[in-house]
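Asks: Protein chains in written order, with the working numbering: chain A, 1 to 447; chain B, 1 to 373.
Derived from the structure by calculation, the hints contain no laboratory data.
Careful, some of the hints might be misleading.
To be verified - Take a look, some chain A residues computed to stay more than 10 Å from chain B by CB distance:
1. V129
2. A374
3. V419
As the list claims (entries may be wrong) - If you want the footprint, here are the derived chain B segments under chain A, 3+ residues with CB under 8 Å:
4. 129-136
5. 143-155
6. 282-294
7. 331-338
8. 342-356
To be verified - Covered, in the sense of this in silico footprint (three residues per stretch, anywhere, with C-beta under 8 Å from a C-beta of chain B), are these stretches of chain A:
9. 143-156
10. 163-170
11. 319-330
Note that the structure is a prediction, hence the values are computed from the model and not measured.
Beta carbons are placed, not taken as given, at the ideal position from N, Cα and C, and that holds for glycine.
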Amino acid sequence: MSLATDNANLEGRATVAPVEDEATGLLARWRSLPTWLRWMVFAAIASFVLAAVQTFGTGETDRLTAATASQTMLRWCVPILLAGLGGLFAERAGVVNIGLEGMMILGTWFGAWGAFNWGPWWGLVAGLVGGALGGLLHAIATVGFGVDHIISGVAINILAPGMTRYLAGEVFDDYEGGSITQSPLVEDVGDFTMPVLAGGDIGSWESPDVLGSIMNRDWFFVSDFAGLTRGLMTQLSWFTIIALLLVPLTAYIIWRTRFGLRLRISGEEPSAGESLGVNIYRHKYAGVIISGALAGMAGAFIVIELTGIYREGQTNGRGFIGMAALIFGNWRPGGILGGAMLFAYPLGISLRDISEESAATHALLLVVAIVLFAVMVWSIVRGKKIDAVISGVLAAATAFWYFATDSVPTWLPNNMPYVFVLLVLIFNSQRLRMPRALGLPYRRGGQ
Amino acid sequence: MTGLLRRTVLTVGAPLLAAVFALGLASIVLLISGSNPIEGFGDMLRNGRELETIIDTVNRATPFYISAVAAAIGFRMNLFNIGVEGQYLLAAFFAAAAGGAVDLPPVLHVGLIFVVATSVGAFWSGLAGVLKVTRGVNEVISTIMLNFIALGGLIAWLSRVWVDDVQATNSGTKIIPESGRMPSLNSIVEIFTREIGKGRRLTGVFVVALVIGLLYHVIVNRTRFGFDLRASGSNPFAARAGGVPPRRMIVMAMLLSGATAGMVGMVQVVSDRFKYDQSFIQGLGFAGIAVALLGRNHPGGMMVGALLFGFLDASSGILQLSGSAPREIVVIIQGVILLAAVVAYEVVSRIRDREEARLAAEALAKKQIEVSA
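Extracted from the complex, chain B is given alone in its bound form (with noise of 0.2 Å):
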């Protein structure tokens, strides 16, 4: 019973921990440049009780929270797939265009949206794992400079001829009709709460990410692929000998994870924006990875994790409106968690090992006694 208490302590104390680390670092950055780290923690803290915060929260958590699941996939294989980043604003533009560009019935035309999505993010995660196991390409480098090419090259060439309006500094995609739309959440929400102000709409791809979470939960824990997938990520060499096919498992789990990531894009293009522009949010496929390894690639730590960065999101606008602490400590705060997490983990896992070796030397020792005796 100890054994447990202590191992859920290690388990939860480390994020714990490295929360109160950054915590702590910024509030000593915050004292520096000359604000109350009191009173900004104390604005979020306040503000963050308000249903109208919680709101935004949620709807920052979401995409942060698929883009991990689409990591994790990834990292319980030993594939880093860096990739998350260039795989969903690629499908988010093509999701969009294709959107924007057809006229269908409500259901079907959301369907087709994610399908598209899935499908582009799959293909170009595919892309990167046809590269490795055929010609040995590493997936970090491959994933990398196909962020830079989706990014920079398709999605800037084809914006330039796919947009709406030429004459317009940002137009974008066409923007997607109501029938292409995701109805927000909250007539759910309202029933047991007041009503939502300030114009804030839960969005409908939340239960999405719901549903991610849990395919992700029982595709891994649960089946025969799951375990092989597991099985390559902790000894590759065991799982082949144990008849794994290696290569069919990378084009499987890179798949799966680009299928995934391309629905990161998804709240902006259902339910909030309805177009891809040059304001369409970046940088969800880093924080992803973030999130990802905060949770341990656990689809209830990911979404702590998720709801965390979601949080320090939505907070930073609060700060910015109270200017008690400037608005940019909050990514401070949100890299240095990771940091410090990630420190923390590998320092549990250590004395962990330490801890194991001890105890299956004294159970040795034990056996050694009794023999003799």
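Extracted from the complex, chain A is given alone in its bound form (with noise of 0.2 Å):
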């Protein structure tokens, strides 16, 4: 079963990557930047439109770009973001992982296991270690077996919650301060400020804090754009540091090296690859084990650092959400990571909030209408007629709600992520391009 060419199915056409529009002008030199660049004109962009509706559009929060906003949501993009990169070592294998929950949920058990008895380090490899089983489980049944890559997922999204409660039944409840559904706390790995420009230290010596000064200077975007950083550079977690680490070396491994094209060619044309030689097998094995082991270290992540403790539920759904980070980053690296910061951000946002009744989560309506309006902009100029009226009712919807209202429900800053990826799909599912053969069941010459 495909995953993103469905509508193409339907209509009989046949199933290759869409013919990109022709590209004009201003688009084409767009498109030839560099990626880092254009990366980098998005967080400006994004970073500008936080601080004019700070600004001139409610003048009822300050905490939009405030620096704890972006530390907080880097903290919660980690387990989004290696959670995507776990599906990406998957669904670039060509195997459905929506087992990633599950495989999160054994690496909280094992994380907490392996930080509560020899530290937060080797709580990170145990890990590691428990997601990477779960992997190897969902490896044995869809690619050794080939059972259907959804029912293996869905199989190992109820096993492993069942796991963890017998071993934390086995083994917390033994513990003093744990008990079934929880474990005693683990300590965290520590964190690093980067100097000079967020005030870290280097030795005894305390540096200077030029973002931090430049922030408090209340210029409009510059001091907003330097708190957004400086947020990036506070307090950073070594564990978090990994995580990021992960994103470059993970985008070098699909595309540089040998073992990365062949990751690739299973998911891709996997019989292609087996006429040159290639072990497909075996590099599916690798890629859905990789996948658990990084879920596996998601849930390591949460348990060490976001909540100090082992306890039951505590995923959340995250792992799904890393799966709609996959998607929303279109199968690369650079993209997962920005699926999950726009995804982390919200909820960063919210937790932060609670003491103002929700003004900033209030205020990111605005921003998220404003959002929609440019969709709605940019589908007339690009002449989508449907697109411009769906996005358009969308925007003004939500630009009624935003001035309708004075504050907003908790449960929206949890929920924009889910909401999120059914938006991106509507509006684009015809650009995403997953990997030709995911999903599909494979058998060496070609049986």
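Mind assembling these two chains? They're in different frames, but the hints should get you there.
Replies: So, in structure tokens, the structure goes:
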């Protein structure tokens, strides 16, 4: 079963990648820019919109561009990012992995177990191994036995919570402060603050805080941008740094190494790879096991860094959000990071937003309305009438919601990721390019 | 004749083997953790013969079965409605709220609750269906997202707005009055058996589940729509060439699946809790997918699967009481049975494919010999 080209199948068209529209002038120049530069521009535009909403739109909050906003966003995006990268390794090898959630759950138990007994770094390793075991199970079922990928994933999502509950009852129940639903407290791995830019220490010398002083100047946009940037450099957990480094590392592995090429051919055109002597089975196994390991690492991160404790049900669907980030990011590492940050931002805002009657979260509605309005304008320019109507109606509805109310319900930020994904799929599913043989069973010799 | 025997053994043998494998694995897990598996399973079996446990099993199997049928409707045409979970919770929430808000004569009241439940379920899955046919959004992704939006969004929000008692921590929707409740089947069962004790009541929704199973069988196997459904599932290209409109089939299947899913929560709404609150049982949607896979989308097979899962659930309480094994072992058994069963089915279908290829080759060879002779 294919995941994104359904519509093409329905139409009876061939399922090739959609033909790119003829890029004209400005658009062509934009596309020729290097990726990192385009991301920087996106980040600047996003900060600008946030700053503008904050300054001109509402005046009710200054939290949208506070350093704490980006700092919390970064912390909360790590599990989503790791799960998304996990999904990437499996799906680039052609195996759909909706068992990410289950593997993440395994990671939380193993992470807490390792961290409690041998310290946080071993917790990370244990979480990795626990998740990898889940990945191995998925690989045996889907690659070894040819079971449908969705089915095996659902089975793992049912099995994993049962297993961790059993294990927690057997192991954590005997620890002091632990029970069948939670572990004792575990330590985190410590953090790092960038010297000079964000005022971190070098040895015993306290360096100046450049961004911090700009942040406090109240210059429109400049101070906002400095604040957001400073948040990304303050009290970074070492664990977060590792996770962020995994993004370029994954990109390098996927695009530049022999293993990556073989992994991709397993997901694009396995029979062609087979004819070149690539062991497709082995690469699919490797992809799915790495996938589980990364999801397990995400679980360990939640335990060690976010909550400091194993608690039943604490993954809270983040495995699925990771999968959403994977689709949002069009099966690319950088895109997954972007998606994870986008999904974590509302969560970060709402977490710090308890005291002010959710003013910041409320202001986010205006941001969403502006973005939807921009989509509408873009759709009109591109001559997509239906898209323009849909986005126009949604923009108007969101704007109405914003102006008609003073606060938003607490459930809204938690649900923004899911709504974002649906919106992206509604407007953009034709442009998404997933691995060609994703979800298809493979048997050596074309059986 | 031997062919038929062989086929039956293969069909029934696979899930049986999976169950034995799961029990074996569970025994090993129990041994490692220091419990005696024979004692644990012995307790389960001994109690399983009690009338009360049987009632309990059927009560738990009923939502599993309805949920399995909902998933199976999609599976028959290769649609993965992962959203049964969100659909039944949303449907149960709205149905319970509606049932608690109105005052109607007995039969009408229950009827209204069911109508609300099926329409809300159908609406929520229909969204995924429409998104699929108009915008090409894959239903696995959209239903997963809709699950979260239903539970964490709509229900979390509306249950604050509609709560019966704002002060209470777990109040939920207004209790449904007597007229909106389904009578239990105890009096009918007691004609044949002794009196049912321990306050157990056999849910009236059991009858609804049987009707759903029958309808599922008739619609899928005996109607034009069912034929189109199966055709689209086994070969969408051939089906389209044969004049089956793929878009309409997808939307119809999603609507039917969602409407069925809407009734999953009814056991709790009209015959057990009479309201929707924080402790409303979740996870029945995913369990239903498991049962559908176990029963191979077959109305009878799913019934066996639902009863098995229901029995395991009912037994977990017994294990808890007797203390012979930790109750969580039950969830592990369910998960392992499911994984082992799908693997076993896959292996069996491969064996069958090879068998068929061999028979075809033999027949061909025989023919060629005849021709040359």
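Asks: Is the coverage entry for the region 143-155 of chain B by chain A consistent with the three-residue Cβ rule at 8 Å?
Replies: holds (count 7)
Asks: Is the claim that A374/A lies outside the interface with chain B correct, judged by CB distances over 10 Å?
Replies: holds (19 Å)
Asks: With a cut-off of 8 Å between beta carbons, are at least three residues of the region 143-156 of chain A near chain B?
Replies: Since 10 is at least three, the answer is holds.
Asks: Check whether three or more residues of the region 129-136 of chain B sit with their beta carbon closer than 8 Å to a beta carbon of chain A.
Replies: holds (count 5)
Asks: Checking C-beta pairs, does the region 282-294 of chain B have three or more residues closer than 8 Å to chain A?
Replies: holds (count 5)
Asks: At a Cβ distance under 8 Å, does chain B reach at least three residues of the region 163-170 of chain A?
Replies: Coverage by chain B holds for the region 163-170 of chain A (5 residues, Cβ < 8 Å).
Asks: According to a criterion of three or more residues whose C-beta lies within less than 8 Å of a C-beta of chain B, is the region 319-330 of chain A covered?
Replies: holds (count 4)
Asks: Examine the region 342-356 of chain B for residues whose CB is less than 8 Å from any CB of chain A, and state whether their number is three or more.
Replies: With 5 residues close enough to chain A, the hint holds.
Asks: Would the non-interface assignment of V419/A survive a Cβ cutoff of 10 Å against chain B?
Replies: violated (7 Å)
Asks: Given as covered by chain A, does the region 331-338 of chain B meet the bar of three residues or more with CB within less than 8 Å?
Replies: holds (count 6)
Asks: Are all C-beta atoms of chain B more than 10 Å from that of V129/A?
Replies: At roughly 18 Å from the nearest Cβ of chain B, V129/A sits farther out than 10 Å, so the non-interface label holds.
Hint compliance for this structure: hint 3 is the single one not met.
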